[in-house]
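Knowing the structure of chain A, use the given hints to seat chain B on it.
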Amino acid sequence: MSSQNKTISEKTAELNAIVGWFDSEDFNLELALDKYKIAEALAQEIEQDLLSLKNEINVIKQKFDKEK
Amino acid sequence: MENQKQNSQPIFSVSDFIAVFNQTLEYAYPNVEIEGEVASFKVNQGKFIFFDIKDKGGSVGCFMTVWQLRQPIEDGMKVVISAVPKLTQWGKFSLTVKTIRPSGEGALKKSFEILKAKLDAEGLFSAERKRLLPRIPEHVAVISSTQAAGYADFIKILNDRWGGVKVDVAHVQVQGEAAPDQIINAINYFNQCEVLPEVLVIIRGGGSADDLSAFNDEPLVRAIAGSRIPTLVGVGHEVDESLADLAADVRASTPSNAAQILVPDKNEIIRAVNNQIGSLLPRILQFIDQKRQLIMVSIELIANNINESIDEKIWGIKTIRNVLDQLNPMVVLSRGYALIRGEIKVGSTIEVETSKLILKTEVKDVVTK
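Chains as they are written, first to last, in our numbering: chain A, 1 to 68; chain B, 1 to 369.
Since the hints were made in silico from the structure, they are not lab data.
Hints may contain errors.
Using 20 Å as the maximum straight-line C-alpha spacing, the simulated EDC-like pairs for lysine to aspartate or glutamate come out as follows [stated by the list, open to error]:
hint	chain 1	residue 1	chain 2	residue 2
1	B	266	A	23
2	A	11	B	268
3	B	166	A	49
One chain only, chain A, in its complex shape (with noise of 0.2 Å):
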């Protein structure tokens, strides 16, 4: 799955394991780097899709004042 299709649910899951990785014993200096520039590239893509969403608010035409 690309970066583009994913929620942003799913990109701050996977940030959170990045940034997990960076605590854990599996850290070393050599991958570091390379996991650092995808973490603040999915940082950028999750600030921007909070940004740009934007909530369907949809009022329903049926009426309630009588049992359906």
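Same frame as chain A, but now just chain B:
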């Protein structure tokens, strides 16, 4: 013309008179609203309710069924009834009640407390029944009046805080007699959807105790408690408590608070994400610093080991040198001994070397020890 007097006034049978009288009443008063105090309230056969509505000047008998009773009523309570006046076949004047609701702060409070105790005893408000709301819902249903200020507040806060949510709104009355049934119908509508919304939000802004009394309606409270969809209810202001609030999975103090509970604040999330990224570079630098310190410690350790090794070698050399020094003939001579060269026999000349002198001397005598 047996049934007609000479002055042409009709002579009714009793049944006809009752029917005509009721027609006249229905024409003149198709529906009346009366405020008064309840007296002689009783339920017959678990189905039929009889009571009198009275004030200082009079009293009228009333009839209704238990299914029409939406809120607890008892003697002494001030109520407003909506009723149809009727003369029964036994000639008794009665009001057939369509709706009854407590009137005035005291009656509303009393009715509220009675119903609260009843539903609480049934476990409708217990903490074990409460369900969690999804952290970030993608599809929610809202039941409110789209013309109400509370709804506008909710939508504004929702849009300020988050995006990408599909919001289906059921426009209903949120006060008055029709409100409870409309809200129940909307709850049923969403609960019967093929794809259920993740949260059912029921909101209404502030108002008088009478305005908010729709949310203390027993069937409505039961419908909220029975919803398959987790419910979030925000009615009135912070100080207002309704039974709908208590039956909800999550209670919001106001419609704005409902929006705050429903979705996270995107600005807070952006700040948190940026803080996460900001913390990564210092971690890399900290790791490098830790490695550098480890290397420095290792270098120091190696240097110490080399120095210790050199010291050991120097000490060894010194020891050997001491031994060699002890073996040096000059050292022996310095302790007062002498070195003799030449043949040891009487009359021969021998050479005697001390630490400072070399003597040529003649052997005068040789004695064996």
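We went through each hint and held it up to the structure:
Distance hint between residue 266 of chain B and residue 23 of chain A is unfulfilled; the C-alpha atoms sit about 25 Å from each other, more than 20 Å. As the CA atoms of residue 11 of chain A and residue 268 of chain B are separated by approximately 16 Å, the hinted pair is consistent with the 20 Å bound. Note on residue 166 of chain B and residue 49 of chain A: the hinted pairing holds, with a Cα-Cα distance of about 16 Å set against a maximum of 20 Å.
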